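Engineer: Residue-level listing of the chains:
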Amino acid sequence: MKVGSTINIALRALRRNKMRSVLTALGIIIGVAAVIAMVGIGNGAKAQVEAQIASLGENIIQVLSGSTTSSGIRSGWGGAGTLKIEDAAAIEREIPGVIAVSEEVFSNMQVAAGNQNWLTRVLGESADYLDIRQWPLADGAPFTPQDVRSANKVCVIGQTAASKIFGDQQSAVGQILRIKNVPFTITGVLVRKGFSMMGVDQDDVVIMPYTSAMKRVIGGAVLRSINVQVSDANQMNAAQQQIISLLRQRHNIRPGQDDDFTVRTQQDIADTATATTKVMTVLLGSIAGVSLVVGGIGIMNIMLVSVTERTREIGTRMAVGAHGSDILTQFLIEAVTLSSVGGVIGIIFGIGASQILSSYAHWPTLISLSSIIVAFMFSAAVGIFFGFYPARKAAALDPIEALRYE
Amino acid sequence: MKNGEVVKLIDVHKTYHTGDVDVHAVRGVSLEIQRGEFVALMGASGSGKSTLMNILGCLDRPTSGRYVLDDADVSALDRDQLADIRNHKLGFVFQSFNLLPRTSARENVELPLLYGTRHLTNAQLRGKADAVLALVGLCGREDHHPSQLSGGQQQRVAIARALVNDPEVVLADEPTGNLDSRTSVEIMEIFQQLNDRGITIIMVTHEADIASYARRNVVMRDGLILKDFNVTQRFDAATELEKIAPIDAEAPI
Numbered sequence: 001m002k003v004g005s006t007i008n009i010a011l012r013a014l015r016r017n018k019m020r021s022v023l024t025a026l027g028i029i030i031g032v033a034a035v036i037a038m039v040g041i042g043n044g045a046k047a048q049v050e051a052q053i054a055s056l057g058e059n060i061i062q063v064l065s066g067s068t069t070s071s072g073i074r075s076g077w078g079g080a081g082t083l084k085i086e087d088a089a090a091i092e093r094e095i096p097g098v099i100a101v102s103e104e105v106f107s108n109m110q111v112a113a114g115n116q117n118w119l120t121r122v123l124g125e126s127a128d129y130l131d132i133r134q135w136p137l138a139d140g141a142p143f144t145p146q147d148v149r150s151a152n153k154v155c156v157i158g159q160t161a162a163s164k165i166f167g168d169q170q171s172a173v174g175q176i177l178r179i180k181n182v183p184f185t186i187t188g189v190l191v192r193k194g195f196s197m198m199g200v201d202q203d204d205v206v207i208m209p210y211t212s213a214m215k216r217v218i219g220g221a222v223l224r225s226i227n228v229q230v231s232d233a234n235q236m237n238a239a240q241q242q243i244i245s246l247l248r249q250r251h252n253i254r255p256g257q258d259d260d261f262t263v264r265t266q267q268d269i270a271d272t273a274t275a276t277t278k279v280m281t282v283l284l285g286s287i288a289g290v291s292l293v294v295g296g297i298g299i300m301n302i303m304l305v306s307v308t309e310r311t312r313e314i315g316t317r318m319a320v321g322a323h324g325s326d327i328l329t330q331f332l333i334e335a336v337t338l339s340s341v342g343g344v345i346g347i348i349f350g351i352g353a354s355q356i357l358s359s360y361a362h363w364p365t366l367i368s369l370s371s372i373i374v375a376f377m378f379s380a381a382v383g384i385f386f387g388f389y390p391a392r393k394a395a396a397l398d399p400i401e402a403l404r405y406e
Numbered sequence: 001m002k003n004g005e006v007v008k009l010i011d012v013h014k015t016y017h018t019g020d021v022d023v024h025a026v027r028g029v030s031l032e033i034q035r036g037e038f039v040a041l042m043g044a045s046g047s048g049k050s051t052l053m054n055i056l057g058c059l060d061r062p063t064s065g066r067y068v069l070d071d072a073d074v075s076a077l078d079r080d081q082l083a084d085i086r087n088h089k090l091g092f093v094f095q096s097f098n099l100l101p102r103t104s105a106r107e108n109v110e111l112p113l114l115y116g117t118r119h120l121t122n123a124q125l126r127g128k129a130d131a132v133l134a135l136v137g138l139c140g141r142e143d144h145h146p147s148q149l150s151g152g153q154q155q156r157v158a159i160a161r162a163l164v165n166d167p168e169v170v171l172a173d174e175p176t177g178n179l180d181s182r183t184s185v186e187i188m189e190i191f192q193q194l195n196d197r198g199i200t201i202i203m204v205t206h207e208a209d210i211a212s213y214a215r216r217n218v219v220m221r222d223g224l225i226l227k228d229f230n231v232t233q234r235f236d237a238a239t240e241l242e243k244i245a246p247i248d249a250e251a252p253i
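So the sequences go chain by chain: L and R. So for the first sequence, the working numbering puts the first residue at 1; every next one is plus one. So for the second sequence, the working numbering puts the first residue at 1; every next one is plus one.
Derived from the structure by calculation, the hints contain no laboratory data. As the structure is a computational prediction, the values presented were derived from the model and not from experiment. One or more hints might be untrue.
Partial pick of chain R residues on the chain L-facing surface, computed with a CB cut under 10 Å [what the hints assert, rightly or not]:
hint, residue
1, 18
2, 21
3, 103
Some chain R residues near chain L, calculated using beta-carbon distances under 7 Å [claimed, not checked]:
hint, residue
4, 83
5, 92
6, 114
7, 177
8, 179
Built from N, CA and C at the ideal position, the CB exists for glycine as well.
Just chain L, same shape as in the assembly (with noise of 0.2 Å):
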């Protein structure tokens, strides 16, 4: 008996009856488009956050300004106000492979030009954020050093900003903006850089020299934040504990005492938010598995009921030559064919959904091949498994009596 020739027989048992054939491979097509959608969302969400988090830039060190304690209560970040421009001037100085350093001062605050006003968010930063963030120009040029040692009345700002008050129609370079009744002149326009992972909207920003932030609109002496920029990847925890010591040093922070900054890296971020898609996707991808499996139990039923209902068939098989490893194999080759064609299917329609849901819900996502191969592998999987069973029992049909059943 060949086996070519039990693939024929299985193939003709399922032709003839189409319709049982399609719906007990449905729940298969089902599951298995299901998984298939629901890991390309959960890995779309992951690769979108990486993307973001790689848009930060390559190799930053953020050092926030810490909390202060006053009567048992905290403020968050930034409230203490313990940065000062000497510190980010030391960490240039003294920390290697450090090779850019962005001081930054923040608020959000009214901006006008003409007749036009908008609250967006003002940032105060060196001439190197720009590079740090990797955050070119989409007209015009950026601020230089040199504003930046004079504190000139420039900033850059960002698209949805420019749009808010300029329009769409006109450039926004060489014009000015009003800020606190300070006009500032706009030396260019950001290219679009889309919504952070926590949900800001980047472009809806103007940034200026941190000096000019700090003297003309801003005010105070303290940084909100350092933006610190190593050379190599590889530098980073060095780095990372050498600031630390460095600032402890610099703010006589005693042994034992908690520091009053935090120091975090790119990775930390990435860390904290790949975690958080990972455990989306296990969710999605779980959920979507358990029809995948109450699929295959759908192939064992069918399979049961078809091996009860073909009982006289099968006598009938085993009267003409047909050894009990070829019902054995006709009926595992049927759960198998219904499971696998059902996967490839399943994989269609799961690509189907994918595309349907990032083109009409924006939802990022990501089919891998990994992905695909694991449903198909488990979908055939799954007809072995739950084909066996209906499988062994037709194979033990007495001839005899199975010729016999009415």
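Let chain L serve as the given structure and place chain R on it in line with the hints.
Structural biologist: Structure of chain R alone, referenced to chain L:
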């Protein structure tokens, strides 16, 4: 064509154990059937003829005694070996036809070939199936499903299926049990034609007139052979068919 005996039973017993009671279905049957015979196995229900038929058909093994089929002792073979014997040397015709539903006549006939040891191409399968279908007068009905065929035609498909592997013996279990009298005679006509070509046929029936189409009758009672005789006044199916009024003629489908 080989000569001599094709089936030889030597003191065959079959005992079923149902609960505490032993049922002696066959109690010592010895029987020889020569090549080219047409034997009708008769008897009332409970006479053991069905059990004997199952043993002859290698569907069951005797409790004791020997069964020699085509010069080979098959009484001690295992399940799979018996299946191979059924495939190569035996052809079955059942009372209720036992065709696969929603399957064309051709595919039904191809079934034993699929379980054979030789691998045939689809074209070879088709060629063999169509040839035996033509032999039983079903030329042109190869693609019909059982539901599209009359009872007589279905039984002819079953006969074609029994013949497709060139068996040593065709075993028919009440082949006319589900058919009207005219169709029954038509089936007997086919059997007689096949037998004239030298094919050995063993047929179980409880109808004396159907048994009269055979050459030899074996009558069983209580698990033993009661009578074994050659039919003297044998019916010729072709002649009998002419006697039946032509209005009964089957309407063409």
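Engineer: Are the hints correct? Go through all of them and say.
Structural biologist: Status of the hints after comparison with the structure:
Using the Cβ-Cβ criterion of 10 Å, the hint placing residue 18/R at the interface with chain L is not satisfied: the shortest such distance is roughly 13 Å. With a least beta-carbon distance of about 19 Å to chain L, the hint placing residue 21/R at the interface is violated under the 10 Å criterion. The criterion of a C-beta within 10 Å of any C-beta in chain L is met by residue 103/R, whose closest approach is roughly 6 Å, and the hint holds. Contact between residue 83/R and chain L, as hinted, is supported at the beta carbon level, the nearest pair being about 5 Å apart and thus within 7 Å.
For residue 92/R, the suggested interface contact is upheld, since its CB lies about 5 Å from the closest CB of chain L, less than 7 Å. A hinted interface residue such as residue 114/R counts as satisfied when its beta carbon comes closer than 7 Å to some beta carbon of chain L; here the least separation is about 5 Å, so the hint holds. A distance limit of 7 Å between C-beta atoms decides the matter here; for residue 177/R the minimum to chain L is near 14 Å, and the interface restraint is violated. This hint is violated: residue 179/R has a C-beta 19 Å from the nearest C-beta of chain L, more than the 7 Å allowed.
In terms of the numbered hints stated before, the structure departs from hints 1, 2, 7, 8, listed from lowest to highest.
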